[in-house]
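Asker: Chains as they are written, first to last, in the numbering used here: chain A, 2 to 455; chain B, 2 to 455.
Keep in mind that the hints are not guaranteed to be accurate.
Which copy? The list can't say, so a pair holds if one copy fits it or any two copies do.
Derived pair list, reagent style EDC-like, types lysine to aspartate or glutamate, alpha-carbon separation capped at 20 angstroms [what the hints assert, rightly or not]:
1) Lys75 to Asp274
2) Lys75 to Glu351
3) Lys385 to Glu314
4) Lys75 to Glu137
5) Lys75 to Glu221
6) Lys75 to Asp13
7) Lys75 to Asp136
8) Lys75 to Asp272
9) Lys75 to Asp105
10) Lys75 to Glu85
Hint data in this document are derived by calculation from the structure and do not stem from the laboratory.
Number of protein chains: 2
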Amino acid sequence: MPGDPDEPTPVDDAARDIERLLEEGSLDEALAQLAELHAADQALVIGQLDAELRAPLLPRLPRDAMAEILGYLKEEPRSSVVEELEPAALGPLLDHVDQDVAVDILHGLPPERAQATLAGMLTAAEVAPLLPHPDESAGGRMTSDFVALHQDWTVDQAIAHLRSYRPDAEQVFYLYVVGDEHTLEGVLSLRSLVVGAPEARIGDLMTTEVVSVGAAEDQEEVARRVQRYNFVALPVVDEARRLVGVVNVDDVLDVAEEEATEDMYRMAGLDEDESLLRPVAQSIAPRLTWLLVNLVTAFAAAAVVNAFEGTIERVAALAVFMPVIAGMGGNAGVQTITLVVRSIALGNVELRDVSHVLRRELIIGISNGVVIGLMLGVMAYVLKDNVGLGVVAGVAMLLNMATAATAGVMVPLTLRAARLDPALASGVFVTACTDILGFFFFLGLATLMVDRIA
Amino acid sequence: MPGDPDEPTPVDDAARDIERLLEEGSLDEALAQLAELHAADQALVIGQLDAELRAPLLPRLPRDAMAEILGYLKEEPRSSVVEELEPAALGPLLDHVDQDVAVDILHGLPPERAQATLAGMLTAAEVAPLLPHPDESAGGRMTSDFVALHQDWTVDQAIAHLRSYRPDAEQVFYLYVVGDEHTLEGVLSLRSLVVGAPEARIGDLMTTEVVSVGAAEDQEEVARRVQRYNFVALPVVDEARRLVGVVNVDDVLDVAEEEATEDMYRMAGLDEDESLLRPVAQSIAPRLTWLLVNLVTAFAAAAVVNAFEGTIERVAALAVFMPVIAGMGGNAGVQTITLVVRSIALGNVELRDVSHVLRRELIIGISNGVVIGLMLGVMAYVLKDNVGLGVVAGVAMLLNMATAATAGVMVPLTLRAARLDPALASGVFVTACTDILGFFFFLGLATLMVDRIA
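The following block holds chain A by itself, in its conformation from the complex (with noise of 0.2 angstroms):
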């Protein structure tokens, strides 16, 4: 269950204050007043800030509290804050700041920014080879920015080389233990590291099961590994095993928050970027795709009632329990989907699981069929004095529950199977197909026994 809504936290007070602060243009007392506060809650009152009130603050926040920020900012009000900046600023602050946040950052930018920006970092030799990586690959996630040694070294030389070395010391959880070519061969706890006795060999010390990832592999094959095997970070490797960099935890967990919320947007008929704080303008044709996608499949359900007009016009009472069955084996699919979505996205669920999956929801679309069928035909029996009626509703309202059942499975297994997201808009196709059935079978079956019910 979440937290208590309503209290309001220490930051929401400071944010309140700052933000009052502004407002009467005390600029020197808002500066101080946020200094005070830890980074990451900085960066929060910084993204909630209007442009406005932030513009006259920004130029003045010291680099190193500005690259910190940075490193904190949502992606959404990270890019605004960057745009604020001054052009030639940015540069020598990306150096501030960790390698994979200024490849984001420098990949949000229109090309000829991005390539003046990097001309103005010193860190450029490092940060430019980690641009070509896509942003949601493994190498689009790490951070060359890791403490790598080389498994000849004594625990004495690692020390050495750890106290030159200048990586902030948050980020070292793990050493990394290289070969001669700087292949991946072992990794090292830092407490190995200090228990260790000074003249050991790092290369005796090391576990050897180490598990990496390519540079090309998904993001979501990191979380998914880092999950699995409970690490803080993990190693990427190029083709020839040669460790090029390191994904940290922290953003395990942004992937896995972004993957979560990607896959509740897809189902609902929502692209990827939409946020509460995107401006209403952009919001608007990307939803509109997508109930246009629906307005089809809706004229489509309306095409099956059409055709039965005519027994619609005998049997008016038809129309008060049509949206009964549509509705409940829409509900009853948008279970099963969701079911199936997830437990893909959790690797619970392969395509080889496809029958036993498929029986699984039957039993228990039919089951439930039998109940709400049941209730259903006692009720429009009830209700208009009509057994032909009753029959005919419940058997089309089983028949359409066994169809939930069976869209929800298949609509994401066939998506998956296609190599498309299984979520994308897959509520749309399931509610399509338990409408158009759902009504072919209420409307059909009507139709047959049409002479005994009207």
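Chain A is fixed; fit chain B onto it per the hints.
Answerer: Then chain B, alone, in the frame of chain A:
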């Protein structure tokens, strides 16, 4: 995008080999094959095996291997595996697993068996205090297996402590620093210890800016804080700010995954324990519960249609467009609700934002409602050569899109304000609104204009 679903991974191959060996009765060979795998992969294989095939295997696994496997098993197969173990063997086994896992397993046992198991544990004194914390609180997720250093120690003393201390090396990422009453005073990275001067005082090296969480706080808050600050572990304190445990990031990843699953399932009217791996008999009743709730709302919609049966008798063509208006509204409503529920979960929207969010969604709903209403109106006119019908259908569509936006915002925010989960079967409630009001608008307008469209 997900990776290739069809490419068998090495683990899949190993799983099939081991399954085959067990079917053939070659237990020793199966054990040997299993021993080759990483413990996380062993857990995957064992979780996938049928209970009968697993039965001869479990007692033959060395205790340390079994303990590691328990740590990696997902909740679902883990509870089955635990049930299959020799009762007397469980206590000594739990001495060797992470304490948060031991607590989870003990929570899942019937009370008498939990008592008996705890009595058989050497670490009972450490684990027992963790048991009263609810599963989904910070206290329920924490382990007391962490490293705490006293602020007055020197680096040398701290290293000596680390050498003598037994915890699993992989789990030590931060060293927490405590004062005399075991109160949390600061945090130190292992790297600072490694590179610190031997006689330096821990209290001088540590960062005092340490973020913690209260034992009674919700696990979602733990996930939020770890994610906001990019930590790999979060210290847990009691009311007196004494350090009582640590939640590690691997558990936070599990929390983030569980919470996303829970939201998706609840929106669709699935209970949070639903799973394709669950025995089918256990899935039928919980699903039926929500379908019955939905049946009540469907009857409400049917009652609206029933009230207008006279109009439908005169204009049977209305039945053709009813499902289009209800269905399109339902889909638009699900778009909005998905966005709002996910935004609440990610902390991007709060109750005080309601008017902003409502305004935003109404703009989108009405803009798209105009487009879709026009298309539907023209379609109805062309199909039935009936201007009045076209006007009524178009206007009702527009009104229902506005309803969808309003319900999609208000249903989850109202649940939130009532301190309920905003995702709670909210899909069912939103489609109920769009069905009931959609029919009311359409059939009501048609009744008002019935002389012009009949």
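Asker: Look at each hint and say if it fits the structure.
Answerer: Cross-check of the supplied hints:
With identical chains, the CA atoms of Lys75 and Asp274 are at most 20 angstroms apart within one copy only, with a shortest distance of 13 angstroms there and 31 angstroms across copies. Taking the shortest Cα distances, Lys75 and Glu351 sit within 20 angstroms of each other only across copies (17 angstroms), while inside one copy they are farther apart (33 angstroms). In this assembly of identical chains, Lys385 and Glu314 lie within 20 angstroms of each other by CA distance both inside one copy and across copies; the values are 16 angstroms within and 15 angstroms between. When the C-alpha separation of Lys75 and Glu137 is checked against a cutoff of 20 angstroms, the pair qualifies only within one copy, where the shortest distance is 16 angstroms, while the shortest distance between copies is 26 angstroms.
Taking the shortest alpha-carbon separations for Lys75 and Glu221, both the intra-copy value of 19 angstroms and the inter-copy value of 18 angstroms come in at or below 20 angstroms. Taking identical chains as interchangeable, the C-alpha atoms of Lys75 and Asp13 lie at most 20 angstroms apart only when both belong to the same chain, with a minimum of 17 angstroms there against 36 angstroms between chains. In this assembly of identical chains, Lys75 and Asp136 lie within 20 angstroms of each other by CA distance solely inside one copy; the values are 15 angstroms within and 30 angstroms between copies. Within a single copy, Lys75 and Asp272 get their C-alpha atoms as close as 18 angstroms, which meets the 20 angstroms cut-off; across copies the closest is 31 angstroms, which misses it.
Taking the shortest alpha-carbon separations for Lys75 and Asp105, only the intra-copy value of 11 angstroms comes in at or below 20 angstroms, while the best inter-copy value is 33 angstroms. For the homomeric pair Lys75 and Glu85, the shortest alpha-carbon distance inside one copy (16 angstroms) is at most 20 angstroms, but the shortest distance between copies (45 angstroms) is not.
Checked against the numbered hints given earlier, the structure satisfies every one of them.
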